[in-house]
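Enquirer: Dock chain D against the given chain W, drawing on the hints supplied.
Chain by chain, the residues run as shown.
2 protein chains.
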Amino acid sequence: MENKITTLFKIKYPIIQGGMVWCSGWRLVSAVSNAGGLGLLGAGSMYPDVLREHIQKTKQSTDKPFGVNVPLLYPDIDELMKIIVDENVKIVFTSAGNPKTWTKFLHDKNITVAHVISSSKFAKKCEDAGVDAVVAEGFEAGGHNGREETTTLALIPQVRRATSLPLIAAGGIATGNAMLAAITLGADGVQIGTRFALSAESSASEEFKKICCTLNEGDTMLCLKKISPTRMIKNNFYNRIEEAEARGANADELKEILGRARSKKGIFEGDMDEGELEIGQIASLVKEIIPVNKIINEIVSEFNETANNISAIRL
Amino acid sequence: MENKITTLFKIKYPIIQGGMVWCSGWRLVSAVSNAGGLGLLGAGSMYPDVLREHIQKTKQSTDKPFGVNVPLLYPDIDELMKIIVDENVKIVFTSAGNPKTWTKFLHDKNITVAHVISSSKFAKKCEDAGVDAVVAEGFEAGGHNGREETTTLALIPQVRRATSLPLIAAGGIATGNAMLAAITLGADGVQIGTRFALSAESSASEEFKKICCTLNEGDTMLCLKKISPTRMIKNNFYNRIEEAEARGANADELKEILGRARSKKGIFEGDMDEGELEIGQIASLVKEIIPVNKIINEIVSEFNETANNISAIRL
Chain W
0 MENKITTLFK IKYPIIQGGM VWCSGWRLVS AVSNAGGLGL LGAGSMYPDV LREHIQKTKQ
60 STDKPFGVNV PLLYPDIDEL MKIIVDENVK IVFTSAGNPK TWTKFLHDKN ITVAHVISSS
120 KFAKKCEDAG VDAVVAEGFE AGGHNGREET TTLALIPQVR RATSLPLIAA GGIATGNAML
180 AAITLGADGV QIGTRFALSA ESSASEEFKK ICCTLNEGDT MLCLKKISPT RMIKNNFYNR
240 IEEAEARGAN ADELKEILGR ARSKKGIFEG DMDEGELEIG QIASLVKEII PVNKIINEIV
300 SEFNETANNI SAIRL
Chain D
0 MENKITTLFK IKYPIIQGGM VWCSGWRLVS AVSNAGGLGL LGAGSMYPDV LREHIQKTKQ
60 STDKPFGVNV PLLYPDIDEL MKIIVDENVK IVFTSAGNPK TWTKFLHDKN ITVAHVISSS
120 KFAKKCEDAG VDAVVAEGFE AGGHNGREET TTLALIPQVR RATSLPLIAA GGIATGNAML
180 AAITLGADGV QIGTRFALSA ESSASEEFKK ICCTLNEGDT MLCLKKISPT RMIKNNFYNR
240 IEEAEARGAN ADELKEILGR ARSKKGIFEG DMDEGELEIG QIASLVKEII PVNKIINEIV
300 SEFNETANNI SAIRL
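So the sequences go chain by chain: W and D. Residues 0 to 314 in numbering that gives the first Met the number 0 are what the first sequence spells out, letter by letter. Residues 0 to 314 in numbering that gives the first Met the number 0 are what the second sequence spells out, letter by letter.
In isolation and in its complexed conformation, chain W is listed as follows (with noise of 0.2 Å):
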């Protein structure tokens, strides 16, 4: 398959592994890159100096293409992006902010640019910066999301109309069925986090994937709507919160108890009781933890046979 994202990127398969926080490091983007798809490393969790670290890493352990997520409220971001060029880095996600902001200073440098977006008038926003393509994402996917609440199913369609950029789906998307699903919705490629997050290669911790590959549906939900929605498991933490926003907790009490570092706490070590543990609602079909080009040719291998079934049927 040659599409949009395949030539975009210079990849084999238009296949985006989600840069997430605490599970997005370089094992995990190189082993993507590996194998046919585009690994991005999650700026977000990273102080600069390791975020320079896991870049050198990953340039060791892959000569394919790969990029760096970059949340746009990240506070150090001048410093970020200055090691992006620094170390020659060709391909940058941008998510949580205008577009406007770092696109022609990416471009000047000759940086690839994709930007997240939770809505089609977002990716009116994008042509106009300039972005090279779009990352529309559903309120099924993990971790932050838009506050619109529009599902991937819905999103899609809609961006499609709306611009002519090269459209990566995510959200809810951890199978070579979902993968064609999105094409045939109008995407050209995929956005996927849940399932790698939840593979040998990530860096969140065994007790994070471990309670993540025993979730059934409803086991994730999304909350702090007033201060930024967030999707993550119904644990004793998610509990506190819940409880809070039942009886009308304003966003500073809802900030308080939020406190600082829970999604560090939770995915990177460990702790399944106080910890933020931000996973998509599709954790809930993935039950085992394998390595990353298992999980690719698994969903190349899925995508090739539904396409072959799907070929026969018509209306």
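Worth flagging that the hints you see were computed from the coordinates, not collected in a lab. This one's a predicted model, so the numbers in the text were calculated from it and none came from an experiment. C-beta: ideal position from N, C-alpha, C; glycine also. Fair warning: there could be bad hints in the mix.
Facing chain D, a subset of chain W residues (Cβ under 10 Å, in silico) [stated by the list, open to error]:
1) Asn2
2) Thr6
3) Ile298
In silico BS3-like links for lysine-lysine, alpha-carbon gap of 30 Å or less [to be verified]:
4) W:Lys124 x D:Lys286
5) D:Lys263 x W:Lys233
6) D:Lys108 x D:Lys58
Expert: Positioned in the frame of chain W, the structure of chain D alone reads:
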């Protein structure tokens, strides 16, 4: 196309029209059945005598199969079921209740039974109850909705794994592409609500249909979670609910704000400020009110065209 769903209901296309309150009278139902889908009367908004009249008028308007959707929490349910049997209705879709309660009764009268669910846990319960098909409905659907908030994209593959029963996907499906995506995910057919609620033959008020054609992404929201999660348009009434929920109002207070007959006031009587305007997320994709046969033709051509395109794609 012949499959489990077309065979079970003896219809041409595996397209079910959701039995929606205030939208699904005999005009809509007979139009859908005449066009090769399966029309369902929405008994949830009909007094028993009204249902009887609509069944009789449907029978006069089509010789094709049609059915009735019955919310099992309906207060006069015994009377409703008696009318369904008296009038020789052959297909019943049940929702909002335990599938065990009525399935045997209906089967004894030779009636085919489908049940609406929002999680794969309930798929097993449907199997145990002996229902003939399940409708798995995701978070993006309009009106009353599951507590798990699982989206259609995440739900369908999990229900598919949980049961071999004929599977109808619902929530966020308004186009041939989305129908093909649902089949890709493992569904045998689709239930379409919003698109048919916004057809020429729908009994919803012109005011309601018109406002739905102006919606953008994020203009519907799931609320009333302390009573029964319901997706509706953000209008004045919604704003009052939202304000009350944000300050922690309990179920009793919400019920008082809700009052009675709000969905009738909005959808049927056309009060766009104070009515409860139930509609799915995918309404923002619908921009004009057209007749049912044109809708079904569009869905079928798009499905076939995209299936043609997909049939050439392999990873």
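Enquirer: Are the hints correct? Go through all of them and say.
Expert: Going down the list of hints, with the structure as the test:
no., hint, verdict
1, Asn2, "holds (9 Å)"
2, Thr6, "violated (15 Å)"
3, Ile298, "holds (8 Å)"
4, W:Lys124 x D:Lys286, "holds (22 Å)"
5, D:Lys263 x W:Lys233, "violated (36 Å)"
6, D:Lys108 x D:Lys58, "holds (18 Å)"
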